[in-house]
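Novice: Sequence:
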Amino acid sequence: MAVVPFWPEGAQAACHAMYGIPPADWLPAYLDLVAAVRSGIRQDMRSFDPIHRWRRTEHRVLLRNPYADIGLTCLGGQAAVWICERIDRDYRIRCEWSDVSGPARHWLASIAPTFAATACRLDFAPIYQPVDQPWLEAA
Numbered sequence: 001m002a003v004v005p006f007w008p009e010g011a012q013a014a015c016h017a018m019y020g021i022p023p024a025d026w027l028p029a030y031l032d033l034v035a036a037v038r039s040g041i042r043q044d045m046r047s048f049d050p051i052h053r054w055r056r057t058e059h060r061v062l063l064r065n066p067y068a069d070i071g072l073t074c075l076g077g078q079a080a081v082w083i084c085e086r087i088d089r090d091y092r093i094r095c096e097w098s099d100v101s102g103p104a105r106h107w108l109a110s111i112a113p114t115f116a117a118t119a120c121r122l123d124f125a126p127i128y129q130p131v132d133q134p135w136l137e138a139a
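Just so you know, we're using the numbering used here here: the sequence shown kicks off at 1 and counts up by one.
Hints listed in this document are in silico derivations from the structure and should not be mistaken for laboratory results. Source: prediction; values computed, not measured. Glycine residues also receive a C-beta, built at the ideal position from the N, C-alpha and C atoms. The reader is advised that the hints may include incorrect statements.
[Unchecked claim] Ranges of calculated distance between the beta carbons of each label pair, as one might list FRET restraints:
id, residue 1, residue 2, range
1, 27, 92, 18 to 26 Å
2, 94, 125, 30 to 38 Å
3, 78, 28, 15 to 23 Å
4, 22, 112, 29 to 37 Å
Assemble the whole structure, with the sequences as input and the hints as a guide.
Specialist: Structure, rendered in structure tokens:
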């Protein structure tokens, strides 16, 4: 059985516990969380626009700008808000014609502290992990 990653590969993420919510109240709590993420992040990161998309079947994309997606993944009583480079078809086509991925990664590195601060303000705990250093995981 394959293990579902809690957030997309290479993403900067922050987690929030959703334990103890009765089943009847879970959907309203989830919708409130989606609304809080959308409005809270757009307040600090104005280049993002609301969007309704999915990355595979488990990662919901809530906001998008020319370089990145911000999304929400819920699994096992936890919710993770994440930001990472776009992977959609339109973005991949742009990458074929010009070097968009390099500037996108640079922009993501520069915006990381703002994302972490915004996630903390929304009651998410940042997950600090090296994004572009896979050799640390192998050690």
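Novice: Now, for every hint given, state plainly whether the structure supports it.
Specialist: Hint check results:
no.	hint	result
1	27 with 92: 18 to 26 Å	violated, 33 Å
2	94 with 125: 30 to 38 Å	holds, 34 Å
3	78 with 28: 15 to 23 Å	holds, 18 Å
4	22 with 112: 29 to 37 Å	holds, 36 Å
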